[in-house]
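A.B. asks: Here is how the chains run, residue by residue.
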Amino acid sequence: MLFNSVQFLIFFPAVTLLYFVIPYRVRYLWLLAASYYFYMCWNPRYALLMAGSTLVTWLSGLLIDWAGRAAPEGRAQQYKKLFVAISCVLNLGVLFLFKYANFAIANLQRLLAAAGLAVQLPGFDVLLPVGISFYTFQALSYTLDVYRGEVEVEKNPLRYALFVSFFPQLVAGPIERSKNLLGQLYENHTFDLQRAKSGLLLMLWGYFEKVVIADRAAVVVSEVFDHYAAYGGVACVLAVVLFAVQVYCDFAGYSDIAVGAAQVMGFRLMQNFRQPYFARSMADFWSRWHISLSTWLGDYVFEPLVWSGWTRKLPLIGHYVTKPPVYSSLIITFLISGLWHGASWNYVLWGLFHGVTQVIGKMSKPLRRRWIKKLHIKAKSPAWMLWQQLLVFGMVCISYVFFRADTIGAALGYFGSMFGSFDPWILFDGTLYHMGLTRVQWQVLLVSIAILWLVDLKRGSTDLRGFVQKQPAVIRWAVYIGAVLIVVVFGHYGPQFDAAKFIYFQF
Amino acid sequence: MKFKLKPVLRALRVLLFAVLLMAALRYTGNFLCGSSENPLNRAGEGLYYQLPGTVDVVYVGPSHVYSSIMPQLIFDQYGITGYNFSTAAQSFEGTYWALEEVIRLQHPKVAVVELVGATADPTVRQAPIYYTGLCRLLSPFSPVKYRAVNALMTDEKNSLAIRQSDGEGAAAPLDWTDFWRLTSFHAQYETISAQNFRDLAGPALYAESKGYSPNYAVFDPASLPQQSYTARQLQEVALSDWSLNILRRMVQLARRTNTRLVFMVAPYFTDAREQLLYAQLADWARQQGVELIDYNKQKESLGLNDAADYSDMSHLNDAGARKVSMAMGQYLADTGLFADKRQNGLYRGWQSDSGNYDLWAQVGALYQNDSAADAAQTLAALNEDYVAVLAGTPDTQLAEVLQAAGFDAQQGVSLCAVFDGSSWQLQTGADRLERNVGGRKLVALASGEGGYTVVDQTSQYVERGVAVCVYSTLNGEQAYAGVLSGLTAQTK
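In order, the protein sequences belong to chains A and B. For the first sequence, the numbering used here begins at 1 and goes up steadily by one. For the second sequence, the numbering used here begins at 508 and goes up steadily by one.
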């Protein structure tokens with residue numbers, strides 16, 4: 001079920017109410033049942049896949065723990081690595097089968113055809129299970145954390161199953177770590193009205209981001225991206241900027257609803273976004289965007305790659321390598337990130353773009369510092385910071401063309417339209433009102449984006465929810481009721497609109 | 508155990524907040540639906556404001572109810588309180604839920620159910636799109652609403668019917684947002700007008716009519732389409748299992764709640780197929796021991812005139828509704844079940860509404876004009892001080908008409924709304940329609956599109972004591988016909 005559905009609006013209060021009513025000892029069982037029910041609303045059969053992933057990673061944890069305690073002398077590490085490898089192969093294998101098999105087959109066919117072998121390989125006719133990328137990574141993180149000794153092995157399979165399937169963050173993150181969430185499943189949460197209000201307020205904000213901003217922006221984005229050849233440069237640029245808003249609000253909105261829902265029940269999920277469009281470098285951007293994924297990749301892909309010194313093992317050039325392979329590992333990590341988002345070359349290119357820009361950023365840092373000093377630029381001045389933010393935002397928007405387009409060809413065609421003509425008058429001659437939104441809808445969108453920007457601006461330095469909760473009851477209630485009305489009235493849903501699912505459900 | 512006040516106070520505060528939130532959502536829904544929800548679908552809302560047990564008779568069904576039964580007239584003449592609880596194009600399944608709701612609200616002595624819905628094709632006229640209007644009318648605090656919505660959304664046959672829309676409704680499946688005013692009309696902030704503010708108050712607008720919607724148009728029976736059936740087709744005519752099932756549920760409900768159930772067929776131009784179905788319904792009702800009054804069979808005794816008493820082929824106009832209502836009132840009085848409440852002090856509200864209702868009898872004048880010069884002459888002859896103009900597509904000739912009729916664009920003329928082909932764009936000064944500025948207000952309509960669309964949207968702007976001057980630059984005939992079929996004109 002979607003977060004923005006009547007089913008969830010009934011499901012969540014019912015689950016929460018019962019959670020606080022039933023004895024503490026069986027609460028996790030109730031949450032486990034509710035989480036599986038939540039997942040099975042999408043497709044009951046795929047719950048078996050999730051259960052399988054849960055079982056494999058749980059068993060791997062037990063086996064790794066056994067290897068550490070009882071493996072034959074000198075073989076402990078070998079056994080541990082074996083169990084980690086089995087867990088990774090099985091989980092990633094299933095992920096590969098459902099998500100990447102057809103992509104791999106199609107590319108293999110192309111390669112063979114290029115080599116003169118016209119072969120028709122069979123494909124897989126399977127639906128991508130919702131959230132598989134998320135829960136697979138979450139479950140794998142447990143295996144790896146146990147291997148590293150960073151977390152105690154969980155002996156209760158049902159409690160572990162809840163860690164993997166916890167419904168607020170199951171289908172689109174944040175990708176939780178066992179060291180954060182697993183321990184919380186043992187906590188005895190009592191109902192705290194202040195905490196619940198704070199969580200509900202965060203959920204409301206998430207709904208605002210999703211149904212008021214993201215779904216509204218999506219109308220223009222779809223229109224322009226689907227018909228880019230008919231639009232000029234300014235329209236294409238506008239659509240990319242709106243896509244940046246859409247994907248942020250869609251994903252951050254979902255994360256806020258997830259974090260808020262968990263908070264109502266007493267759980268603390270990790271922050272997944274930290275005002276990403278205020279980033280001043282690409283590296284800074286990735287410390288603010290989809291934080292759970294970037295830290296996962298950083299901890300389990302990038303760092304092992306760097307410390308493994310894999311480049312020293314390369315034939316021919318290996319013995320020339322003297323430094324840790326930071327840049328190449330960064331590129332590889334972002335290629336994986338691109339692939340994680342989708343089985344398509346445009347996602348790979350998107351990942352590559354981010355990897356390359358990060359490498360360029362790192363390589364050019366000393367040079368940039370020298371020139372900033374030479375030109376007497378005040379690095380902390382608002383103007384310079386704004387310039388950096390705009391530059392990063394621009395680069396991120398360029399990458400979004402690959403992210404949003406269906407194919408690389410479509411992305412290149414889009415760039416052609418974007419740079420093919422300069423037509424700023426479309427902003428004033430009424431063309432905007434033929435892109436799917438009326439004048440009033442545009443006004444609502446722009447005002448909402450302005451509110452989003454202001455909130456994000458303050459959020460970095462102020463606890464806004466805490467600020468609201470400290471106000472007198474009249475003001476607090478006006479804010480709460482006003483926020484609900486804004487979401488219900490200005491939300492982009494219902495018979496007149498196509499209710500769009502969350503973008504990241506496709507991953 | 509020590510009594511702790513703090514948690515109780517906290518719980519009360521939460522409850523107060525919940526009440527305020529519900530009220531905000533409800534009134535916002537009322538506000539936003541003001542310019543969009545079919546006002547005819549809100550006519551029955553006043554029933555929720557009647558004290559339980561004060562309404563003797565409730566009438567449920569589709570538009571045949573609100574166009575045929577005048578509860579206020581019945582009270583005037585017989586002292587029997589009644590209320591229409593009906594919505595446009597109501598599905599027969601919806602009529603069952605409406606019946607459950609009115610019985611829950613009022614426990615009336617008699618419930619009258621109009622049967623045209625039972626004769627319709629279950630896959631077409633019964634498509635769920637036809638009872639979203641009813642579901643929106645049902646109170647969000649009523650358990651009947653949720654059972655009705657749940658029955659609709661889970662009934663497989665209804666789900667099939669959703670996809671077999673007869674072309675007038677949405678092709679997409681219905682969504683939970685279709686059943687609440689706020690979620691159905693939440694995007695209507697684009698067309699906010701004085702009407703929205705007026706509707707914020709709720710059903711006050713419709714309270715006097717007791718759910719009746721007068722229509723003064725006159726239908727020409729010569730324009731009736733010819734419907735013919737082969738003998739074989741007529742042989743195969745039978746009540747559907749679906750209709751019979753609903754009828755049985757209605758009878759069981761009435762028995763369970765000790766309510767006297769009366770089936771009614773409002774008079775209209777029936778074809779051979781419908782006549783056979785009504786005959787079958789009469790037989791069935793007789794077997795169940797339920798009275799069925801088929802006014803189609805009493806046209807002569809009622810004095811109904813085909814050429815004067817109908818607004819279209821399916822509905823009575825005000826003149827016809829009076830005749831049927833008098834007959835219904837007489838029937839109810841003859842049952843001996845009701846005390847005459849006309850002198851009962853507890854029903855003062857009904858008595859004062861009765862006084863207002865009398866004024867409705869004055870019909871707004873309607874003038875058709877074929878040319879700009881003609882329209883100017885008519886306007887000038889009406890000798891009014893104030894003109895409120897609802898124009899169709901921007902019409903420069905309209906300005907000439909007004910000028911020729913002696914109206915200065917700066918004084919006495921208010922251009923209230925312009926129909927651009929798809930929606931009404933309100934202009935400043937529209938709120939002046941809502942006030943009595945001394946004397947009768949004149950509305951001049953100029954439609955560039957089909958008249959029905961114009962009237963459907965503008966009937967809410969037509970105030971009491973209105974003379975309507977119709978002039979269309981594109982299709983005067985069509986506009987005039989549209990105004991005739993949909994205009995409601997009331998006097999104050």
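Hints are computed from structural coordinates only; laboratory data are not their basis. Take these hints with a grain of salt, some might be off.
Said to hold, decoys possible - Chain B is nowhere near these chain A residues, computed Cβ spacing over 12 angstroms in every case: (1) Leu82; (2) Gln443; (3) Val444; (4) Asp463; (5) Ala473; (6) Val488.
Claimed, not checked - On the chain A side, residues computed to face chain B include the following (Cβ under 10 angstroms): (7) Ser5; (8) Gln7; (9) Trp425; (10) Met435; (11) Arg439; (12) Gln441; (13) Tyr480; (14) Ile481; (15) Leu485; (16) Val489; (17) Gly491; (18) Gly494.
Unchecked claim - The calculated lysine-lysine pairs, modelled on DSSO-like cross-linking and capped at a C-alpha distance of 30 angstroms, are: (19) Lys362(A) - Lys380(A); (20) Lys313(A) - Lys365(A); (21) Lys470(A) - Lys616(B); (22) Lys470(A) - Lys511(B); (23) Lys365(A) - Lys323(A); (24) Lys197(A) - Lys511(B); (25) Lys155(A) - Lys179(A); (26) Lys513(B) - Lys197(A); (27) Lys458(A) - Lys470(A).
From the three backbone atoms N, C-alpha and C, an ideal C-beta is built for every residue, glycine too.
A.B. asks: Against this structure, judge whether each hint is valid.
C.D. replies: Against the structure, the hints come out as follows:
1. The non-interface label for Leu82(A) is consistent with chain B: the shortest C-beta to C-beta separation is roughly 51 angstroms, beyond 12 angstroms.
2. Not every CB of chain B lies more than 12 angstroms from the CB of Gln443(A), the least distance being 10 angstroms, so the non-interface label is violated.
3. The Cβ of Val444(A) does not lie farther than 12 angstroms from every Cβ of chain B; its closest approach is about 8 angstroms, which violates its non-interface assignment.
4. The claim that Asp463(A) is not at the interface with chain B holds, since no C-beta of that chain comes within 12 angstroms of its own (minimum 22 angstroms).
5. Interface exclusion of Ala473(A) from chain B breaks down, the closest Cβ pair being 8 angstroms apart, not more than 12 angstroms.
6. Separation of Val488(A) from chain B is inadequate, the least Cβ-Cβ distance of about 6 angstroms not exceeding the 12 angstroms criterion.
7. For Ser5(A), the shortest C-beta to C-beta distance to chain B is roughly 8 angstroms, which falls under 10 angstroms, so the interface hint holds.
8. Here the hint on Gln7(A) is kept, as its CB sits about 9 angstroms from the closest CB of chain B, short of 10 angstroms.
9. A distance limit of 10 angstroms between C-beta atoms decides the matter here; for Trp425(A) the minimum to chain B is near 23 angstroms, and the interface restraint is violated.
10. For Met435(A), the interface hint is violated, since its Cβ never comes within 10 angstroms of a Cβ in chain B; the closest pair sits about 16 angstroms apart.
11. Hint on Arg439(A) holds. Least Cβ distance to chain B is approximately 9 angstroms, under the 10 angstroms limit.
12. The restraint placing Gln441(A) at the interface with chain B holds, with a minimum CB-CB distance near 8 angstroms, inside the 10 angstroms limit.
13. At its closest, the beta carbon of Tyr480(A) sits 7 angstroms from a beta carbon of chain B; the interface hint therefore holds under the 10 angstroms criterion.
14. Contact between Ile481(A) and chain B, as hinted, is supported at the beta carbon level, the nearest pair being about 5 angstroms apart and thus within 10 angstroms.
15. Taking 10 angstroms as the C-beta cut-off, the interface hint given for Leu485(A) holds, the closest approach to chain B being about 6 angstroms.
16. Contact between Val489(A) and chain B, as hinted, is supported at the beta carbon level, the nearest pair being about 5 angstroms apart and thus within 10 angstroms.
17. Look at Gly491(A): its Cβ gets to within about 7 angstroms of chain B, closer than 10 angstroms, so that hint holds up.
18. Taking 10 angstroms as the C-beta cut-off, the interface hint given for Gly494(A) holds, the closest approach to chain B being about 4 angstroms.
19. Proposed proximity of Lys362(A) and Lys380(A) is supported: the alpha carbons are some 19 angstroms apart, at most 30 angstroms.
20. A distance of roughly 28 angstroms separates the Cα atoms of Lys313(A) and Lys365(A); the hinted pair therefore holds under the 30 angstroms criterion.
21. Proposed proximity of Lys470(A) and Lys616(B) is contradicted: the alpha carbons are some 55 angstroms apart, above 30 angstroms.
22. Pair hint Lys470(A) plus Lys511(B) holds up; C-alpha atoms about 24 angstroms apart against a cutoff of 30 angstroms.
23. Of the supplied pair hints, the one linking Lys365(A) and Lys323(A) holds, its CA atoms being roughly 18 angstroms apart against a limit of 30 angstroms.
24. This hinted pair checks out: Lys197(A) and Lys511(B) have alpha carbons roughly 22 angstroms apart, not beyond 30 angstroms.
25. In summary, the hint linking Lys155(A) to Lys179(A) is supported, as the alpha carbons are separated by about 15 angstroms, within the 30 angstroms threshold.
26. As the CA atoms of Lys513(B) and Lys197(A) are separated by approximately 18 angstroms, the hinted pair is consistent with the 30 angstroms bound.
27. Distance hint between Lys458(A) and Lys470(A) is fulfilled; the C-alpha atoms sit about 16 angstroms from each other, no more than 30 angstroms.
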